[in-house]
Amino acid sequence: MVRQMVGDDVPLAWCGGNPEGGLGTSVEAILAAIDRAWSDRGVAILVDLGGAETNSEMAVEMLDGDRAHKVVVCNAPVVEGAVMAATEASGGASLAEVRATAEELSPA
Amino acid sequence: MIESSHLRAAIVAMATTVSAHAEELTALDSAIGDGDHGANMKRGFDAVAADIDTIGAKPLAEALKAVGTKLVMTVGGASGPLYGTLFLTLGKELAANPEAYVAAYRKAIDAVAARGKSEINQKTLLDVLYPVADALEAGRSKADVVEVARAAVAGTKDRKAIRGRASFLGDRSIGHVDPGARSSLLLIEAVAGVLP
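Chains as they are written, first to last, in the working numbering: chain A, 1 to 108; chain B, 1 to 196.
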């Protein structure tokens, strides 16, 4: 959906499933996805339910210090958040602006 | 003094009990969560046990960190980062202050609470981990500490879930033992069984 609505300019990566491919998330897969989506402007992560958020935060902490502060986990709905974040990012916005736009979608 | 040999025995005991109770954990989790806690914990502790020769060769603090990292990388649910953080922080604290076990445990469960953005009495593993810290700090015997943990698990049954997937159920979470509290007890019993 992000590709269709925003185009190919924004680096994008996704992952899902536990290390055996079942329901859940894998920290290793999240780290690999951060690598694929990496640019010097940083990475905004969108997640669905609890474990995805906790595992993403863990993955961010496992990055080295210079990269860790350029990755944020957004408190936003995954589909709408991803589309809005990518739209904002494609216009050249900073990571903080991208995150703020995604998080506007969350009820306060 | 706790040594790497104790940790080796604890790893075997933890993996064995988690494996033996995997179906029970999954049944508890099916009632109020997403039904993967048993399989996730088993995958994590099986992976730790498979690495026991590498992990057991390290000094205690480093070995604890290795257990934490392995859990984080293999469990796949929220319990991975939570239990992973517990072991990682234990290792980090004991590297700084060897033999300050109780203080390290307190720091480790505070780190788990921060990781889960939770606190005691929200129907999570913290409901067991915190009373255990209090009992350890009060110098209670090993048998007493395990008894405190057992009572704490039972106490989660009539509590309403405030954090985690079970919180989506609101009042309907009442009447079920928390799966994370149950798995904490399994680990505590296993560790108590091998410690001096």
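Simulated from the structure, these hints should not be mistaken for lab results. Backbone N, C-alpha and C fix where the C-beta goes; we use that ideal spot for every residue, glycine too. Mixed in with the good hints, there may be bad ones.
Derived list of chain A stretches under chain B, where covered just means 3 residues or more per stretch with a C-beta under 8 Å from a C-beta of chain B [said to hold, decoys possible]:
no.	region
1	26-37
2	45-52
3	55-68
Lysine-lysine pairs mimicking DSS-like chemistry, simulated, CA-CA at most 30 Å apart [unchecked claim]:
no.	chain 1	residue 1	chain 2	residue 2
4	B	K92	B	K157
5	B	K157	B	K58
6	B	K42	B	K117
7	B	K157	B	K142
8	B	K107	A	K70
9	B	K58	B	K92
10	A	K70	B	K160
11	B	K92	B	K117
12	A	K70	B	K157
Computed from the model, here is a short list of chain B residues facing chain A with C-beta under 7 Å [said to hold, decoys possible]:
no.	residue
13	V72
14	M73
15	T74
16	G76
17	G164
Worksheet item: What are the numbers of the hints the structure violates, in ascending order?
Response: 4, 5, 10 and 12
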